[in-house]
Every structure is written in structure tokens, then in C-alpha cells.
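Chains as they are written, first to last, in the working numbering: chain A, -10 to 200; chain B, -10 to 200.
None of these hints come from the bench; they were simulated from the model.
The reader is advised that the hints may include incorrect statements.
Heads up, the list lumps identical chains together, so a pair's fine if it works in one copy or across two of them.
Stated by the list, open to error - When the alpha-carbon atoms are kept at most 30 Å apart in a straight line, the in silico DSS-like pairs for lysine-lysine are as follows:
id, residue 1, residue 2
1, Lys89, Lys125
2, Lys125, Lys195
3, Lys89, Lys114
4, Lys195, Lys127
5, Lys127, Lys111
2 protein chains.
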Amino acid sequence: MKRISLSTIYRLSIYHRSLQRREERGIQTISSKELAREEKLTPAQVRKDLSFFGSFGTRGLGYSVKQLKDNIAGILGINRQWNVALVGVGNVGSSLVSYKEFPKQGFNIKLIFDNDQRKINKYHKEILVSDARELKTKLKESSIDIVIIAVPASVAQEVVNQVVEAGVKAILNFAPTNVVVPEGVIIRSVNMAIELEHLSFALVNKSLFKA
Amino acid sequence: MKRISLSTIYRLSIYHRSLQRREERGIQTISSKELAREEKLTPAQVRKDLSFFGSFGTRGLGYSVKQLKDNIAGILGINRQWNVALVGVGNVGSSLVSYKEFPKQGFNIKLIFDNDQRKINKYHKEILVSDARELKTKLKESSIDIVIIAVPASVAQEVVNQVVEAGVKAILNFAPTNVVVPEGVIIRSVNMAIELEHLSFALVNKSLFKA
DNA sequence: TTGTAGTTGTTAAATTTTTCACAAATTTAA
DNA sequence: TTAAATTTGTGAAAAATTTAACAACTACAA
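Please model the complete structure; the sequences and the hints are all you need to start from.
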């Protein structure tokens, strides 16, 4: 099967959100044209993105909001619950524990680790914080699917190594550093400063910025 | 001048970080090959990205780490200080106030706003929290360049409207909702759940995921 | 039932982005 | 001083992505 671009996956997430909102408002059907307009894309792009995975619409009518939403959820793997662990409950980590979008999309933080004795064995939003030294053993026991890394850059690689050794196949990294993982493990890094750098670039170079 | 793609800008940020790290380690020169290897790109891409903005290297030798870093900083507009305001000191907002990467790249949070009386007029990491009702007037007074929105989805558009009216031209939105801005105002949205959705997609569709 | 308007799914065209390939320039060694 | 080894910068080729166009199908009105 043809491989799917990151951009397409990203847009599927966007479509899914748009459909969620529409469903909440009781809207039953939607056309590629409407969906595209709301998200500032083209109808052709919406249809093309969906066409990689099947045909979900009805000619002359459009898409059933609920059905398309469910189909996209299936494609993205968010029609199920995922067990997530968080390593590091500093500023960033804490905010993620309370981030409501995660459970809403099926991502449930089940374990929290830290290496600060003042945090260990205390509850953080109903989850008991474990000692980071127990990372490997606890991850193995708990069938964790995804680990979020929110530790200082200096220890990120070491934490990642242990997570990989525990058999976890997906990592979301908030530490502002490059980490390497072996083949077969997926890692995505988030760096919020980079988002601001886009803005500063755009401010400085208004004319040559590409929408 | 040719317009620059988002991917190129993103990679410039990546190069800049890589160069910062190398400079800290006392490394003087670097080739496109090395820079590419570290960031899992191709040397041709590195050179192409840079070529949009000028020629910064020496044939046969490579690039001066410091000079290239400074040049990229100039291109990205991070060779200066930016005044940033934050609206909303909930979970996400709080973590941003303490996010060390921001000041490191020249983004300084100077004002904080909230609408919760319990937070207003108290200090949050040395910054006095202002009443959100004063948003427009205070933004105008303070020559704020960029505003970060970290409020609930339900009020995001209203906050954005006021920010725009105050004349701010760049917004970073953490509220999980679509907001519209007039022509000439740049907005970027960050949704951390989408990052997890990439991972769940990759887990579910290992084979068709495109590196 | 027929005709018209609307919308999808998909092939083809256009555009954008990435990679290739190499001349030009520079360094280093002999 | 010359030759060999590097590495940049860039035009051209290749690959990927987006957009356009349209046949096929559906809904609905007359």
C-alpha cells in the first residue's frame, strides 16, 4: 500500500476535530467543500487525503459526519484507549497531566515517574508518582503503549534508553534535545520555542513568508 | 524574492539548535554533511535551505559554526529580544512561564493576564498577573510583539479578537480550537494531542507510516 | 420518469520540494 | 607550485504533494 505523508496524517487529525465539533452541534452530513472551508484547505485535498484509506462518502450528498469521524478515528487509532506513562513532572509534565485533550482522544496517563524524592510517592492528580529508578520494571508490568518524556535535556537520552529497553514502541519527547532510538521505535519531538521562532521569522520577513 | 516553505523555516530552527550545541562544545567549523547526519537530513537539503538566504560557507572547508549560527539567528529573527505576553495561567500557561527555552531564544514573557480573581494581582514567577479586562490597554502600552493564548477553547476567539485590536501581529495559540484572524496577523496553533495521534497512527499502521 | 443540481472518487496536470550531480572554489599535502 | 582531496552553491532531474478536471453516481424536483 502507498505510504502516507505526515501532512495527510496531520490533516486527518484536523478533520477529526472538525467532525467532532459538528457532531456536537447535531450536524448530520458534510461535504468536502465545507470541511475544507472551515480548515482553510481545498476540497480536492480533503477527498484526496480520505481516498488513501477508502471511500467514505455518498456522491451528491457528502459524508455522514458520524461515520466519517468514526472512520478517521479508526485510521488514526484513536477509536480505542491508550495507556500512557509520563516521565518527569516538572512544569511541562504537570501541565500534561491536566491536559484535557489527552483523555478526550483516548490517551490516558496511567503512570508518572520522577527522580525528585520530594515528588515520589505523592499523588499528582490522583496518580501516585513512582521513582524513576523503577521505570523499566513498572513499564513492563503495565502494558504502557506510549511514553511522554518531559525531563531535562541532560537526562533525556538515558530515560529514552530505558523506555526502549522496556519494550515501548512510541515516545513523545518534550525535552529540548535530540535523542536517538533504534529502528522500530517511533519518536516525535515537540519544541515550543520552535513555534515561536516561526512567528519571529514571519514578523521579520513578512513579505517572503509563505502562508 | 522566492517564498520560503514552512519546512525550510522549521529546519533552520533545527540547524540553529544544532549549531548552538556545537558552539558550546567549542567546535569551530561544520560541513553540510555533518549537520545533515546529526539531524537525519541530506547534505543537499542543508545547502539548499541555506542557499535561499545567501552563501555562508567556504568551499573545501564548510561553515564557521558561530557565523552560520548568527546568520540563521538573523534570518529567524532571534538575534534580538521579543516581548511576549501570556493570556491564561492555567496548567499550560504556567508551564510556559517557566519554560527555559523561551528566554534562551530571546522570547521574554513580560505580561501575564488571567480572568480568575484569585490569580490577578499576584505574582507568577516574578510577573504580576493582570486582569484580562485590561488586556487591550496594557498590550498597547507595552509594545508586545507576540501573544501566547493559553485559555479555554470557549473564550479563545474573544481573546484573540482583543489581541488583534490591540495591534499585535503574531499569536501562538494553545487553545484547542480554531480561531480566525484578519489578514496581516500571523497565528500558529499548537495541539499536543495531535502529536500523540501521530504516534497512535504509527503504532496502528506501522507498515504504511512514512518515516 | 426524467432532468437538473450537487458531490464523490480518481486520473491527470501542475506545482512544490527534495535529491542529484557537478563546476567552482578552497584547503592541504607533497 | 602543483596536484589531490574537500566541500560549497546551484541548475537540472526526480520525487512528492497539491490542485484541477471530470466521469460516475445520488438526490430531488417537476
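Hint check results:
1. Taking the closest pair of Cα atoms, Lys89 and Lys125 come within 30 Å of each other both inside a single copy (27 Å) and across two copies (28 Å).
2. In this homomeric assembly, Lys125 and Lys195 come within 30 Å of each other (Cα to Cα) only across copies, at 24 Å, whereas the closest approach inside a single copy is 48 Å.
3. With identical chains, the CA atoms of Lys89 and Lys114 are at most 30 Å apart both within one copy (12 Å) and between copies (24 Å).
4. For the identical chains of this complex, Lys195 and Lys127 are inter-copy neighbours only, at 25 Å across copies versus 50 Å inside a copy, given an alpha-carbon limit of 30 Å.
5. In this assembly of identical chains, the alpha carbons of Lys127 and Lys111 lie at most 30 Å apart only when taken from the same copy (17 Å versus 40 Å across copies).
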